[in-house]
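Engineer: Chain L: place on chain P using the hints.
For the record, the sequence lines run as chains P and L.
1 is the number of the first residue of the first sequence in this note's numbering; add one for each residue after it.
1001 is the number of the first residue of the second sequence in this note's numbering; add one for each residue after it.
The reader is advised that the hints may include incorrect statements.
Claimed, not checked - Here are the simulated lysine to aspartate or glutamate pairs, EDC-like style, with alpha carbons at most 20 Å apart: (1) 126/P x 87/P; (2) 224/P x 1099/L; (3) 1016/L x 213/P; (4) 1016/L x 220/P; (5) 1095/L x 1020/L; (6) 1095/L x 220/P.
Read the hints as simulated data drawn from the structure, not as lab findings.
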Amino acid sequence: MTTTIQISKLSKSYKKQQVLTELDWSIKQGDVIGLLGKNGAGKSTLINAILNINPADSGSVSLLGEDNKVLTSATKARIGYVPQQNDEITWLTVKELIQFKKQFYAHWNDSKVAELISRWEIDTNKKMSELSVGQGQRVLIILALAHEPDLMIFDEPAAALDPAGRRDFLKEIVNLAADENKTIIFSTHITTDLERVANKVAILHQGKICHFDDLDNVKENVVKVSVISDQPNKITIPYAINTFQDNHQVNGVVTQVDLQWKKELESQGHQVDITPMSLEDIFLELTA
Amino acid sequence: MIQFNIEASSGIPIYKQIFEQVERMIANGYLVEGTLLPSVRQVANNIDVNPMTISKAYGLLEERGYLTRLRGKGMMVAHQSEEKSKKEKMMILDKMIAELVSDAVQMGINKQELLTLIADKAEQLNLPDKINSQG
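One chain only, chain P, in its complex shape (with noise of 0.2 Å):
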């Protein structure tokens, strides 16, 4: 498969504050991706600098094959991008902003545009300012999906969505997600805005991505193991990155579990549990 954006050594600070660190990131074509990151954890920055619009200090990204740093127009025309906030001009109506970013591309689903339009029930005579948030968000959406895209990036795109609403979005995406050409990456720091959609889950944490992995294997993989013993201080969890011990009882979240050594533990008359986690608990541990 192709790689639709490559990312190296990607790092950017503000003032003294060091939000990425070098961050190695590689995004193949079809990947559907949550990134999830804690408040402030620089996922807003990280998406910035991918897109160019506020460069790194240092490190290279290549968007569907370009640096991002020169873009040709084509290219740029296979990407789409809905902010975190309504930086469009404000004193056009929906009508005419849609007429508007019309002009600048040679694609453009007008029959789409008119049929979320509908659903989401936006009044295009309105102003974008007199527009509440949610239906604002919903406009950036329209804007982002109308040129049919190969490449989308949507920042905290249902953060401004009431709960129909998100689910709604989370539905759109379901069925860009049908086309396997396309790569979505959307930014969140709600787990469950992307354990439907998501294919692939990235958590950005200290400035580099310190997991990123199938959905499916991260719940698979990333479990919580308790072992009953009577000597609970002589056992080792394998893989954990924490652990905690009470009476007859060891336990530990892991990022793979030993089979071999859980094996090994149950024939020398261990009790070895394994209990699946959520991925909020797991996206609190990993980045505990």
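Structural biologist: Same frame as chain P, now just chain L:
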């Protein structure tokens, strides 16, 4: 259309939940040989899940012999041999019993108490001692 009951926030991957639900529906006879399953797209849209997840579940079900791929038509429930389905049923029960026993341990129930409970329940539901095999 068959309904899947997905818990997105559980620790169990969604493809696995779908796999297990189809597995159970076939084992308990709800899905019989020749039944066509809804398309990947239909299921994905119905439960708002990434289509790749559904493909993965269907692919695995095909690999394990539960489903057969019909060109241009989708997935159909495959013929299950008597011997194999008995084995599968035992495996499913084994998994459920493992959960039950683990819960019992957590509650501090001992083996005898648990076995008595199961025997009583079997009695109540008129579970026969032996089923005459019909194969």
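Engineer: Give a verdict on every hint.
Structural biologist: Right, here's what the structure says about each hint:
no.: 1; hint: 126/P x 87/P; result: holds (17 Å)
no.: 2; hint: 224/P x 1099/L; result: holds (15 Å)
no.: 3; hint: 1016/L x 213/P; result: holds (17 Å)
no.: 4; hint: 1016/L x 220/P; result: holds (10 Å)
no.: 5; hint: 1095/L x 1020/L; result: holds (11 Å)
no.: 6; hint: 1095/L x 220/P; result: holds (17 Å)
Checked against the numbered hints given earlier, the structure satisfies every one of them.
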